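Asker: Fit chain B to the given chain A structure using the hints.
Protein chains in written order, with my numbering: chain A, 206 to 417; chain B, 206 to 417.
To be clear, the hints were calculated from the coordinates, so they are not data collected in a lab. Nothing false has been slipped in among the hints.
If chains are identical, the list can't say which one is meant, so a pair holds when it fits in one copy or spans any two.
Distance condition first, Cα-Cα at most 20 Å in a straight line; then the derived DMTMM-like pairs of lysine to aspartate or glutamate:
1. K376 with E390
2. K311 with E232
3. K317 with D286
4. K281 with E416
5. K415 with D286
6. K360 with D231
7. K415 with E278
8. K311 with E278
9. K311 with D401
10. K277 with E228
11. K329 with D340
12. K415 with E390
13. K230 with E244
14. K415 with E395
15. K360 with D401
16. K230 with D385
17. K288 with D401
18. K360 with E228
19. K360 with E310
20. K360 with E232
The structure displayed is predicted, hence computed values, not measured ones.
Protein chains: 2
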Amino acid sequence: METREISQAVISRLPRYYRYLGELKDEGIERISSQELSERMNVTASQIRQDFNNFGGFGQQGYGYNVDYLYKEIGKILGLDQKHNFIIIGAGNLGRALGNYLNFEKRGFIFKGMFDNNDEVVGKEVRGVKVMPMDNLDEFIRANNIDIVVLTIPKNSALNIIDNLVEDGVKAIWNFAHVDLDVPEGVIVENVHLSDSLMKLSYNISRYSKEH
Amino acid sequence: METREISQAVISRLPRYYRYLGELKDEGIERISSQELSERMNVTASQIRQDFNNFGGFGQQGYGYNVDYLYKEIGKILGLDQKHNFIIIGAGNLGRALGNYLNFEKRGFIFKGMFDNNDEVVGKEVRGVKVMPMDNLDEFIRANNIDIVVLTIPKNSALNIIDNLVEDGVKAIWNFAHVDLDVPEGVIVENVHLSDSLMKLSYNISRYSKEH
Numbered sequence: 206m207e208t209r210e211i212s213q214a215v216i217s218r219l220p221r222y223y224r225y226l227g228e229l230k231d232e233g234i235e236r237i238s239s240q241e242l243s244e245r246m247n248v249t250a251s252q253i254r255q256d257f258n259n260f261g262g263f264g265q266q267g268y269g270y271n272v273d274y275l276y277k278e279i280g281k282i283l284g285l286d287q288k289h290n291f292i293i294i295g296a297g298n299l300g301r302a303l304g305n306y307l308n309f310e311k312r313g314f315i316f317k318g319m320f321d322n323n324d325e326v327v328g329k330e331v332r333g334v335k336v337m338p339m340d341n342l343d344e345f346i347r348a349n350n351i352d353i354v355v356l357t358i359p360k361n362s363a364l365n366i367i368d369n370l371v372e373d374g375v376k377a378i379w380n381f382a383h384v385d386l387d388v389p390e391g392v393i394v395e396n397v398h399l400s401d402s403l404m405k406l407s408y409n410i411s412r413y414s415k416e417h
Numbered sequence: 206m207e208t209r210e211i212s213q214a215v216i217s218r219l220p221r222y223y224r225y226l227g228e229l230k231d232e233g234i235e236r237i238s239s240q241e242l243s244e245r246m247n248v249t250a251s252q253i254r255q256d257f258n259n260f261g262g263f264g265q266q267g268y269g270y271n272v273d274y275l276y277k278e279i280g281k282i283l284g285l286d287q288k289h290n291f292i293i294i295g296a297g298n299l300g301r302a303l304g305n306y307l308n309f310e311k312r313g314f315i316f317k318g319m320f321d322n323n324d325e326v327v328g329k330e331v332r333g334v335k336v337m338p339m340d341n342l343d344e345f346i347r348a349n350n351i352d353i354v355v356l357t358i359p360k361n362s363a364l365n366i367i368d369n370l371v372e373d374g375v376k377a378i379w380n381f382a383h384v385d386l387d388v389p390e391g392v393i394v395e396n397v398h399l400s401d402s403l404m405k406l407s408y409n410i411s412r413y414s415k416e417h
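Only chain A is shown next, with the shape it has when bound in the complex:
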């Protein structure tokens, strides 16, 4: 399947389709029309058909979509049929919250290790995974086939270790540090800038109150 031309906007919508289809499956619904899906998801049916056409369409209009098939296919496109080992750097509250989130395993993300430079948390466990000191980091990544590193550390710490992570062969960074990371092509960075998200919320409150 050719997926090279797909825009990031379409990609951004795929996880949401996947989430809704998972809910339909949980509810025992076997088929759904693009019209019904559109009402649930609050997007137009033509948007749904357009998005799906990027991937060959997934079945006939009129008869609707087979929920289970669609769920699996979108899962494959998202790479959720692959297993990826990940570690978390930063064993603070945010790191622990992510380490405790069981759904990651369901989607093929395997929690392998946790690192922190604070002696007080080293040795503690998060869901059966021991927090290790930063000195062990590079060796651990190389020995355990770690694809994804989750960064829940401050900005400067993230900047200090990013080049090492790249050298260790990490494929992707899920970055919660408040900084944009400069990595070579081929290393994926997905940012979660919580502070930016809150500012966007603030903007929208402020705009709404000016208009009313």
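Answerer: Just chain B, lined up with the frame of chain A:
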């Protein structure tokens, strides 16, 4: 200033400008050209000028921008000169991580209360704020002028309380629950769907490995 026509794409970029300008200020830089800013931020200078023109331009091209002035003006546009009281519902790791994040106060977000339905955490403190039982929630919101509610609770709990929050007069929801919330017009919802973000990362890993 007329801000009604500004697209959400531009709005999404404003926090990033604000973040970079804050860094420039910290470095003691007083003026910067759109060219220099563009190199730092890895966007084109013409994009920057176009974005800023939505808000009147912020000063002369050629002479560059006054960093402090630009920082303050963008802060005002983002509503960061306003104070907003917020509470967090859900005192798990994620809720505690957000409660402990001091920068929110610097940007006008005042942490007023924390709620949980788990008796074991009720009464504990997060940065001086006591965790209260859910029974006190509605009264607290009405009595304390709470604008923003941060939801770090499971999907079904979020669905159960959303209508009450709206009735209590909450202006905005910062939603970490894995569900899209249905709220009346005028109530702002900013979603942080961590699981969607991780799936996007997964897609990009998988696409890159297919291409190479």
